Amino acid sequence: MTRLPVRKTYKLYIGGAFPRSESGRTYEAEGQNVARASRKDVRDAVRAARAAQPGWAAATAYNRGQVLYRLAEMVEARAAEFAGLCSGREEVEGAIDRIVWYAGWADKLAQVLGGSNPVAGPYFNFTVPESTGVVAVLAPEAPPLLGLVTRLLPPLVGGNAVVAVVSEARPLAAVELAEAIATSDVPGGVVNVLTGFAAELGPWLASHMDVNAIDLCGADGDAAELERLAAENVKRVVHGAADAQSPWEVGAFLELKTVWHPIGR
Amino acid sequence: MGGGFGERARLQVPAPRSDLSEPEPVVSELDKPKRDLEVPGDWTYASAPESRDIVRIAERYGHFVGGEWLEPAETYETIAPRDEEPLAAVGQGTRADVDCAVAAARAAYADGWSSLSGSERAKYLFRIARLLQERSREFAVLESLNGGKPIKESRDVDLPLAAAHFFYYAGWADKLEYAFPNRRPRPVGVAGQIIPWNFPLLMLAWKVAPALACGNTVVLKPAETTPLSALLFCDVLRQAELPPGVVNIVTGDGRTGAALVEHDGVDKIAFTGSTEVGKGIQRRLAGSGKRLTLELGGKAANIVFDDAALDQAVEGIVNGIYFNQGHVCCAGSRLFVQESIYEPLVAKLQRRLSTLRVGDPLDKNTDIGAINSAAQLEKIRELVASGEQEGAEIYQPPCTLPEKGYWFAPTVFTNVAQSYRIAQEEIFGPVLSVLTFRTPEEAIEKANNTPYGLSAGVWTEKGSRILWMAQRLRAGVVWANTYNRFDPSSPFGGYKESGFGREGGRHGLEPYLEFDR
Numbered sequence: 001m002t003r004l005p006v007r008k009t010y011k012l013y014i015g016g017a018f019p020r021s022e023s024g025r026t027y028e029a030e031g032q033n034v035a036r037a038s039r040k041d042v043r044d045a046v047r048a049a050r051a052a053q054p055g056w057a058a059a060t061a062y063n064r065g066q067v068l069y070r071l072a073e074m075v076e077a078r079a080a081e082f083a084g085l086c087s088g089r090e091e092v093e094g095a096i097d098r099i100v101w102y103a104g105w106a107d108k109l110a111q112v113l114g115g116s117n118p119v120a121g122p123y124f125n126f127t128v129p130e131s132t133g134v135v136a137v138l139a140p141e142a143p144p145l146l147g148l149v150t151r152l153l154p155p156l157v158g159g160n161a162v163v164a165v166v167s168e169a170r171p172l173a174a175v176e177l178a179e180a181i182a183t184s185d186v187p188g189g190v191v192n193v194l195t196g197f198a199a200e201l202g203p204w205l206a207s208h209m210d211v212n213a214i215d216l217c218g219a220d221g222d223a224a225e226l227e228r229l230a231a232e233n234v235k236r237v238v239h240g241a242a243d244a245q246s247p248w249e250v251g252a253f254l255e256l257k258t259v260w261h262p263i264g265r
Numbered sequence: 001m002g003g004g005f006g007e008r009a010r011l012q013v014p015a016p017r018s019d020l021s022e023p024e025p026v027v028s029e030l031d032k033p034k035r036d037l038e039v040p041g042d043w044t045y046a047s048a049p050e051s052r053d054i055v056r057i058a059e060r061y062g063h064f065v066g067g068e069w070l071e072p073a074e075t076y077e078t079i080a081p082r083d084e085e086p087l088a089a090v091g092q093g094t095r096a097d098v099d100c101a102v103a104a105a106r107a108a109y110a111d112g113w114s115s116l117s118g119s120e121r122a123k124y125l126f127r128i129a130r131l132l133q134e135r136s137r138e139f140a141v142l143e144s145l146n147g148g149k150p151i152k153e154s155r156d157v158d159l160p161l162a163a164a165h166f167f168y169y170a171g172w173a174d175k176l177e178y179a180f181p182n183r184r185p186r187p188v189g190v191a192g193q194i195i196p197w198n199f200p201l202l203m204l205a206w207k208v209a210p211a212l213a214c215g216n217t218v219v220l221k222p223a224e225t226t227p228l229s230a231l232l233f234c235d236v237l238r239q240a241e242l243p244p245g246v247v248n249i250v251t252g253d254g255r256t257g258a259a260l261v262e263h264d265g266v267d268k269i270a271f272t273g274s275t276e277v278g279k280g281i282q283r284r285l286a287g288s289g290k291r292l293t294l295e296l297g298g299k300a301a302n303i304v305f306d307d308a309a310l311d312q313a314v315e316g317i318v319n320g321i322y323f324n325q326g327h328v329c330c331a332g333s334r335l336f337v338q339e340s341i342y343e344p345l346v347a348k349l350q351r352r353l354s355t356l357r358v359g360d361p362l363d364k365n366t367d368i369g370a371i372n373s374a375a376q377l378e379k380i381r382e383l384v385a386s387g388e389q390e391g392a393e394i395y396q397p398p399c400t401l402p403e404k405g406y407w408f409a410p411t412v413f414t415n416v417a418q419s420y421r422i423a424q425e426e427i428f429g430p431v432l433s434v435l436t437f438r439t440p441e442e443a444i445e446k447a448n449n450t451p452y453g454l455s456a457g458v459w460t461e462k463g464s465r466i467l468w469m470a471q472r473l474r475a476g477v478v479w480a481n482t483y484n485r486f487d488p489s490s491p492f493g494g495y496k497e498s499g500f501g502r503e504g505g506r507h508g509l510e511p512y513l514e515f516d517r
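Which chain is which? The protein sequence lines are B and L, in order.
Going by this note's numbering, the residue at position 251 of the first sequence is 251; the numbering climbs one at a time, nothing skipped.
Going by this note's numbering, the residue at position 320 of the second sequence is 320; the numbering climbs one at a time, nothing skipped.
Because the hints were derived from the structure by calculation, they are not lab data.
What you are looking at is a predicted structure, and each value in this text was computed from that prediction instead of being measured.
Among the hints, erroneous ones may be present.
Restricting the straight-line Cα-Cα distance to at most 25 Å, the calculated cross-link-like pairs of lysine to any residue (SDA-like) are [as the list claims (entries may be wrong)]: (1) 462(L) with 54(B); (2) 108(B) with 244(B); (3) 290(L) with 232(B); (4) 279(L) with 239(B); (5) 175(L) with 112(B); (6) 152(L) with 122(B); (7) 8(B) with 183(B); (8) 108(B) with 175(L); (9) 11(B) with 199(B); (10) 290(L) with 243(B); (11) 462(L) with 448(L); (12) 446(L) with 55(B); (13) 462(L) with 57(B); (14) 279(L) with 130(B); (15) 446(L) with 128(B); (16) 462(L) with 121(B); (17) 152(L) with 167(L); (18) 108(B) with 515(L); (19) 175(L) with 185(L); (20) 379(L) with 280(L); (21) 379(L) with 84(L); (22) 364(L) with 377(L); (23) 446(L) with 59(B); (24) 290(L) with 280(L); (25) 108(B) with 184(L); (26) 40(B) with 19(B); (27) 152(L) with 86(L); (28) 11(B) with 23(B); (29) 279(L) with 252(B); (30) 462(L) with 128(B); (31) 446(L) with 233(B); (32) 279(L) with 220(B); (33) 290(L) with 96(L); (34) 108(B) with 506(L); (35) 446(L) with 420(L); (36) 108(B) with 179(L).
Sample of chain B residues lacking proximity to chain L, with all beta carbon distances greater than 10 Å (derived) [what the hints assert, rightly or not]: (37) 22; (38) 23; (39) 28; (40) 32.
Just so you know, even glycine gets a beta-carbon here, dropped at the ideal spot from N, CA and C.
Let's have the full structure, built from the sequences with the hints guiding it.
See the structure below:
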C-alpha cells in the first residue's frame with residue numbers, strides 16, 4: 001500500500017512566521033500554488049524588518065558570522081531537496097559555499113572597509129562601517145537559489161534587515177531557503193521573503209519611505225521608474241550583479257560613520 | 001572698488017554692557033563659575049581691517065573652458081553681501097556653454113589625462129596645493145568679499161583646508177591600486193560637479209582634487225552667488241600649467257546646473273546642496289546609468305550631558321551653529337541639553353552670545369559675517385518668524401546690524417517642541433533651537449528623529465557614554481567633545497536624506513573610480 005505524501009503549502013516568510021498573502025492570492029509556479037504577495041504584505045515585511053534590524057546590527061560581528069554559518073549548515077542538511085528546486089547539486093553547493101564565505105566576512109568588514117584617519121590636529125579620528133537599515137532586494141530570476149543567496153548575503157552580513165522579492169517563475173527554492181533561515185538562528189524579521197510578481201511589488205518597495213536601500217538586480221523592464229521612486233527618500237540604489245562575490249558588494253549596503261575626539265591630558 | 005576698509009562707520013561695535021537688556025542669567029549655586037569673566041562695560045574693538053588690495057577682480061568673467069575664457073552669451077552681477085556692492089559681471093551658463101565645457105573635458109580626458117601616469121597627475125595636484133598656499137590670503141579676501149564669511153574663517157579654515165585637500169589627494173593619484181584591495185581601479189570619465197555657496201573654494205577642492213587624482217576630467221559649476229574664488233582658481237590652474245580642458249568652470253544659476261546634470265556626455269554627477277534639489281537630481285538621473293553622489297542638508301543634534309565640561313561645551317555649541325553664520329550643512333542646529341543643566345547652560349550660552357562680534361567680514365575681529373544672499377536672509381527670517389509664531393522663545397543679543405547688506409543676529413530659541421519647523425527644517429543660518437532630554441536613550445530617540453543624518457555632537461566626560469552614543473547616532477560624522485572639525489583624510493557624508501557617498505579620505509576616492517573587478 002502506497003502512502004500518500006504530505007504536501008507543502010508555499011507561503012510567505014515575514015517576521016519569522018509563514019503567513020499566506022493577506023490578499024488571499026496565489027499564482028501557479030513550478031506546479032504549485034505559491035503565495036502572491038501584495039502591497040500590504042510589503043508593508044508588513046518592511047515593518048518586521050525595521051523592528052528586527054537594530055537587534056541584528058547590534059549583535060557582535062562574531063555572533064552574526066556564526067548565525068550565518070549556521071544558515072550554511074541548514075542548507076547543507078537540505079541539499080538534496082534544494083537540488084530538486086534549482087539547477088542541481090552544483091548550484092546548491094555554490095550557494096552553501098557563498099554563505100560560508102560571507103559568514104566569515106562579518107568580523108572583518110570593519111577592518112577592511114573602515115580605518116583610522118590621520119587628521120592634522122590633536123584628534124583621534126576613526127571611520128566604521130554600519131548597516132544602512134532596511135534593504136529591499138529584487139532577486140534575479142535565475143539561478144533561483146544561488147541568485148537569491150548572492151544578493152541576500154551582502155546586506156545581511158553587514159547588519160541590515162532584508163525584504164526580498166524572489167524569482168517569479170522559480171520561487172520554490174526561495175521558500176525552502178526561508179525554511180532554512182527560520183531554523184538557523186537568524187532572528188525573525190531580519191530576512192523576509194516575498195513570492196509574487198516583482199513588477200507589482202517593486203514600485204511599492206522602491207517608494208517605501210522606511211526602506212533605506214534597494215537592490216534592483218532582478219528588476220525587469222522599468223528600472224528607471226524604480227530609481228525615480230527611490231529618490232523620494234534618497235535611497236541607496238544598487239544594481240547588484242547576479243553572480244558577484246566580494247566585500248565591496250557588502251559595502252554598497254553600508255554607511256560610513258566617522259567619529260572625532262580630541263586628544264589631551 | 002577699493003577703499004572699503006578702514007572705515008570705522010562700517011565696523012560693528014558691541015553695545016555697552018549697561019544697555020544689555022538680557023534676562024538675568026539663572027545659575028544655580030553649584031554651577032556658578034568660580035571666576036566669572038566679566039566683560040567690561042565699555043569694551044569696544046578698534047577696527048582691524050584686512051586689506052582688499054591684494055585681490056584684483058575683473059569687471060567681467062566668462063566661462064573657463066578648455067583652458068580659455070569663453071565669452072558668455074548672458075551675464076549677471078555678483079555682489080558683496082556685506083554691502084551689496086557689485087563686484088563683477090559673470091556668465092550665466094547656457095546649454096551651449098555646458099556643451100562646450102563637456103566637450104573640452106571629454107577631449108582632455110581622451111587626449112591624455114586619463115592615460116597620464118598617476119605620478120604625473122600627482123605632481124599637478126601638488127603644484128595646485130602649493131599655489132593655493134602661496135596665494136591663500138588673496139583667495140581668503142576674495143572669499144570673504146564675495147561670500148560674506150569672516151576673514152578669520154576664510155583665512156584660517158577655508159584656505160588651509162582647500163590646499164590640504166589638494167595635497168592629500170595628490171598623494172593618492174599614483175597609489176590608487178592600494179586603496180581598494182583586490183580591485184583594479186580606473187577613472188570614471190567626465191565628472192559634472194555642482195557646489196554650494198557656503199564654502200565656495202573648499203567645496204571646489206573637495207570635488208576637484210579627488211576627481212583629478214583618479215584620472216577624471218571635470219566640469220564644475222560654482223554656486224550662483226559665489227563664483228569669484230572658482231574663477232580666480234582658473235588662474236592657479238594656468239600657473240600650474242594643468243592641461244587645458246582637465247578642469248572647466250561654467251558659472252550660472254540652477255538652470256546651468258540642470259543642463260550639466262542632464263548632459264549625456266557626463267559620466268558622473270557630484271552635488272552638494274539642499275536635499276530638495278538633491279532629490280530632484282536623483283530623479284533626473286534615474287535610468288541614465290550615470291554615477292551619483294549627494295551631500296545634502298542636515299539638522300544635526302548637538303547633545304550636552306550634565307557631566308560635560310560646560311564652558312568647553314558652550315564654545316562648541318557656538319562654533320557648531322554660528323560658524324560661517326550657520327551656513328553649514330553639518331551645523332549643530334538642534335541643541336539637546338540634559339534637563340539638570342538646562343538653566344545654567346542656557347545662561348552661559350546667552351552670555352557668550354553677547355560677546356560675539358557681528359559685522360564686516362573683512363574685519364579680523366569679526367565672528368559673524370554677512371548672510372550670503374537676500375534670498376537666504378529671507379528664508380532665515382521666515383523660519384525664525386515661524387518659530388516665534390509656533391510658541392518658541394527667542395533670544396538675540398543686542399547688536400546693531402549694518403544698514404546695507406544682509407545681516408542676521410545670532411539667535412537662540414528656547415521652549416522649542418520637536419514638532420516646530422525650527423526643530424525640523426534646515427535653516428542654514430545663525431539660529432539655534434534648544435531642546436532637552438533626561439536619559440541617553442531619550443537623547444538618541446530625539447536626535448535620530450529627523451530624515452537627515454549628516455552629523456551630530458556629543459558632550460560628556462564619560463568615555464563609555466561617548467562610544468555608546470556614537471554607535472547609536474544615525475549620522476555620518478560624530479564629533480565628541482568637539483564640533484565642526486574637518487580634514488582631508490577624514491570621510492564626510494550623510495546617512496538617510498543627507499545623501500550618499502563620502503568625500504575625504506580613502507573613501508572619497510570611490511565615487512571617482514570604476515572597477516574592472
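Hints, one by one, checked against the model:
| no. | hint | result |
| --- | --- | --- |
| 1 | 462(L) with 54(B) | holds, 24 Å |
| 2 | 108(B) with 244(B) | holds, 18 Å |
| 3 | 290(L) with 232(B) | holds, 18 Å |
| 4 | 279(L) with 239(B) | holds, 19 Å |
| 5 | 175(L) with 112(B) | holds, 17 Å |
| 6 | 152(L) with 122(B) | holds, 21 Å |
| 7 | 8(B) with 183(B) | holds, 17 Å |
| 8 | 108(B) with 175(L) | holds, 23 Å |
| 9 | 11(B) with 199(B) | holds, 19 Å |
| 10 | 290(L) with 243(B) | holds, 22 Å |
| 11 | 462(L) with 448(L) | holds, 21 Å |
| 12 | 446(L) with 55(B) | holds, 19 Å |
| 13 | 462(L) with 57(B) | holds, 24 Å |
| 14 | 279(L) with 130(B) | holds, 23 Å |
| 15 | 446(L) with 128(B) | holds, 23 Å |
| 16 | 462(L) with 121(B) | holds, 22 Å |
| 17 | 152(L) with 167(L) | holds, 22 Å |
| 18 | 108(B) with 515(L) | holds, 21 Å |
| 19 | 175(L) with 185(L) | holds, 10 Å |
| 20 | 379(L) with 280(L) | holds, 20 Å |
| 21 | 379(L) with 84(L) | holds, 18 Å |
| 22 | 364(L) with 377(L) | holds, 23 Å |
| 23 | 446(L) with 59(B) | holds, 23 Å |
| 24 | 290(L) with 280(L) | holds, 14 Å |
| 25 | 108(B) with 184(L) | holds, 21 Å |
| 26 | 40(B) with 19(B) | holds, 12 Å |
| 27 | 152(L) with 86(L) | holds, 23 Å |
| 28 | 11(B) with 23(B) | holds, 12 Å |
| 29 | 279(L) with 252(B) | holds, 19 Å |
| 30 | 462(L) with 128(B) | holds, 21 Å |
| 31 | 446(L) with 233(B) | holds, 20 Å |
| 32 | 279(L) with 220(B) | holds, 24 Å |
| 33 | 290(L) with 96(L) | holds, 21 Å |
| 34 | 108(B) with 506(L) | holds, 18 Å |
| 35 | 446(L) with 420(L) | holds, 13 Å |
| 36 | 108(B) with 179(L) | holds, 16 Å |
| 37 | 22 | holds, 29 Å |
| 38 | 23 | holds, 29 Å |
| 39 | 28 | holds, 32 Å |
| 40 | 32 | holds, 35 Å |
Against the hints set out earlier in the document, no violation occurs for any number.
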